[in-house]
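There are 2 protein chains.
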Amino acid sequence: MAVGLGPLPDFHAITGLRLGVARAGIKKPGRRDLVVMALEEGAQVAGIFTRNQFCAAPVLVTREHLSQAAPRFLLINTGNANAGNGEQGVADARTCCAALADLTGTAPNQTLPFSTGVIGEPLPVEVIRNGLPEALDNLAENHWAEAAEGIMTTDTLPKGATCRLELDGKPVHISGISKGAGMIRPNMATMLGFLATDADIEPALLQSLVSELGEQSFNRITIDGDTSTNDACMLVATGRSEAPRLTADSPHLNAFREALKAVFMTLAHAIVRDGEGATKFITIRVEQAASTQEALDVAYTLAHSPLVKTALFASDPNWGRILAAVGRAGVPDLDLSAIEIDLGDVALVRNGGRAADYTEARGQAVMDESDITIRVGLGRGEVNDTVWTCDLSQDYVTINAEYRT
Amino acid sequence: MAVGLGPLPDFHAITGLRLGVARAGIKKPGRRDLVVMALEEGAQVAGIFTRNQFCAAPVLVTREHLSQAAPRFLLINTGNANAGNGEQGVADARTCCAALADLTGTAPNQTLPFSTGVIGEPLPVEVIRNGLPEALDNLAENHWAEAAEGIMTTDTLPKGATCRLELDGKPVHISGISKGAGMIRPNMATMLGFLATDADIEPALLQSLVSELGEQSFNRITIDGDTSTNDACMLVATGRSEAPRLTADSPHLNAFREALKAVFMTLAHAIVRDGEGATKFITIRVEQAASTQEALDVAYTLAHSPLVKTALFASDPNWGRILAAVGRAGVPDLDLSAIEIDLGDVALVRNGGRAADYTEARGQAVMDESDITIRVGLGRGEVNDTVWTCDLSQDYVTINAEYRT
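From first to last, the protein sequence lines are chains X and C.
Quick note on numbering: this note's numbering labels position 4 of the first sequence as 276, and the sequence is numbered without any gaps.
Quick note on numbering: this note's numbering labels position 77 of the second sequence as 349, and the sequence is numbered without any gaps.
Honestly, I wouldn't trust all of these hints.
A pair holds if it fits inside one copy or across any two, identical chains being indistinguishable in the list.
Unchecked claim - With a straight-line cut-off of 20 Å between C-alpha atoms, the simulated EDC-like cross-links for lysine to aspartate or glutamate are:
1) LYS299 / ASP588
2) LYS533 / GLU612
3) LYS299 / GLU632
4) LYS442 / ASP643
5) LYS299 / GLU474
6) LYS299 / ASP643
7) LYS442 / ASP640
8) LYS300 / GLU336
9) LYS442 / GLU474
10) LYS300 / GLU393
It is worth saying that the hints were derived from the structure and are not from the lab.
Quick caveat, the model's predicted, so the values are computed rather than measured.
Pulled out of the complex, with its shape left as it was, chain X reads as follows:
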């Protein structure tokens, strides 16, 4: 059902980073469900994490390990989220890190653990431990595609993006993979994103890049408003490119940031395009808001309205539902007569009512597309913001009603 989501790209290898994938049998036998990313010494890692207060054990452990040591491994399992497992969950995440450390001669806190899958079932530590040798055996710089598959849960397609640019005449590469599907909402959802570059980046800049670009991409997508306990987006810089080191005042920073942003955006949008049951990719742009908060309040109210989402699924230009959602978004003293709503290039609402030149046929033509933009002009200020979401179909319900069976 993925909306306009193509096949994986030919990933550029990131020198200094190898990926290994195993079929450990965590939830179902025979599928890729365990990924190891091995970093050469000197690689920098920065990340952003779920804002759900019930954050999962691996998120707690990854944050702790990041603050203690230079990471050498990322260890990702699908099929089990290791969330809601109390202290045992934290102990289990540590055990997995220690097992990888034993096999590789590194310290346990040099492994960053990530889990995705069902909440509230004990992590099958032995199954994961038994899968590690296979993953380590096939570590290779060109295993991005296998890793993209190895982190999927209810995703129907693997997700990846890659690019090459030159800084000061020297090649730099960026590659990334992501997974999502449901429980996706701004503040990181059952969303995992792993991006890597061979650029040499000053550590504080690396963190600021993942924070800034993660905010503009992964933190602006929503499938269903639910925020997972496990989300993480990690950015690795191996520093193996010959291009000059990137710092906050580097002349090459803008070019690099734009390339990196494109990879963030592609990976984030891919999650929406493959949202559970999605048949439409929806861009919601709110303009002329007085603040970012009110722009996002309006955008997310639309993005989470079941009535708006089912109308989009039905390709029904039911603009009354959009109007009603704007009206309940909590914006104080909204001037209804100033509000403009457009569906694609068709004016829907002007002066508090249906636009004079609107016709059902014109609205229908936009709705029949698979990529649809809803623009809301609030007429209150200068702030614009954008959120991406998908429609709500019977298949979303079916997928989530049957997830554990």
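Use these hints to put chain C onto chain X, whose structure you have.
Quick look at chain C alone, frame taken from chain X:
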């Protein structure tokens, strides 16, 4: 699909109030779609209305007329919401009032108009005008059941409640009808409620009763989080009972308030039981909150979580989704170890993880019921609050994807 919703009761007549119903053919021919309630002189009317800022034309006009004159008629049409119609919508609502005034020798502002149905299509004023004589012809005190049917939209069953009590040895009666189905959310949704009593109530007390009891009932139900532009809940007191006048310090007020509250609750819960696609009636009780706001934040986050709602639909005790929803509800500095979650009488979560004596079989037994209570203890304070909702099924999507066709 209505969950545990029985047939209409035998309504008690409310002396001083007659109901007339017509088949005007507003949206579809042959169905009851126009209701007139005629009040004898001296009746008091108070109401609460949608908080959606795009409130519909009839809401604007009803509020204006309430402030100007003693109401003699309530005029309700289904099939068209007369919302999103700008100034023409207001003019159309006024025209309908004037038409009823012409036929009855009253002033136009003695009619309160209400509309429910599709947003953004012009109100068919002539069709409504032509239906008025039929409605007036069959005005009768015992037409509550016909009126309950005449205000339905996507409701599968009509909704009503009635009771009789004695104050100071004299009989007092309360009857009411409501409609809902979708776009239902706390601050009044496509929810219409009309309650009437023959009690004699001091006007300020009447408004405080509808505000207080509406808050505890209609403003605590949610189907899908969408707030309609048209909601209204009206309470009429005809004053024809021989029981003593009710004032704020009346010794009989508590008994009357409890009886009235039961009618409010029955009508509000009936809307949830007949929520679009509902197969379960869910009570969400949040206890030990530090404030009403945080109790409601947690309750509504659960009530609107598509993942929680689909798990309820699937009868799947997927408590991880409940836990994750509590964690994203925005309660500051939540102490995860203090949180308790119960499903019916089964402890689900204790100390940040699955309760020690929880078994899937026990959770499944609760989930298999059609009426399910989720209790969340936050361990932060003394405030308790309750919200009622339903599950999310494929049928919800189907109903809302096909509404206009």
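Hint by hint, here is what the structure shows:
In the homo-oligomer, the alpha carbons of LYS299 and ASP588 lie at most 20 Å apart only across protomers (18 Å), although the nearest pairing inside one protomer, at 39 Å, exceeds that limit. In this homomeric assembly, LYS533 and GLU612 never come within 20 Å of each other (Cα to Cα): the closest approach is 30 Å inside a single copy and 42 Å across copies. Taking the shortest Cα distances, LYS299 and GLU632 sit within 20 Å of each other only across copies (18 Å), while inside one copy they are farther apart (48 Å). Taking the shortest alpha-carbon separations for LYS442 and ASP643, neither the intra-copy value of 37 Å nor the inter-copy value of 66 Å comes in at or below 20 Å.
Taking identical chains as interchangeable, the C-alpha atoms of LYS299 and GLU474 are never at most 20 Å apart, the minima being 39 Å within one chain and 66 Å between chains. Taking identical chains as interchangeable, the C-alpha atoms of LYS299 and ASP643 are never at most 20 Å apart, the minima being 34 Å within one chain and 32 Å between chains. In this homomeric assembly, LYS442 and ASP640 never come within 20 Å of each other (Cα to Cα): the closest approach is 45 Å inside a single copy and 63 Å across copies. For a Cα distance limit of 20 Å, the shortest separation of LYS300 from GLU336 qualifies neither inside one copy, at 30 Å, nor across copies, at 64 Å.
Taking the shortest alpha-carbon separations for LYS442 and GLU474, only the intra-copy value of 18 Å comes in at or below 20 Å, while the best inter-copy value is 84 Å. When the C-alpha separation of LYS300 and GLU393 is checked against a cutoff of 20 Å, the pair qualifies only within one copy, where the shortest distance is 15 Å, while the shortest distance between copies is 52 Å.
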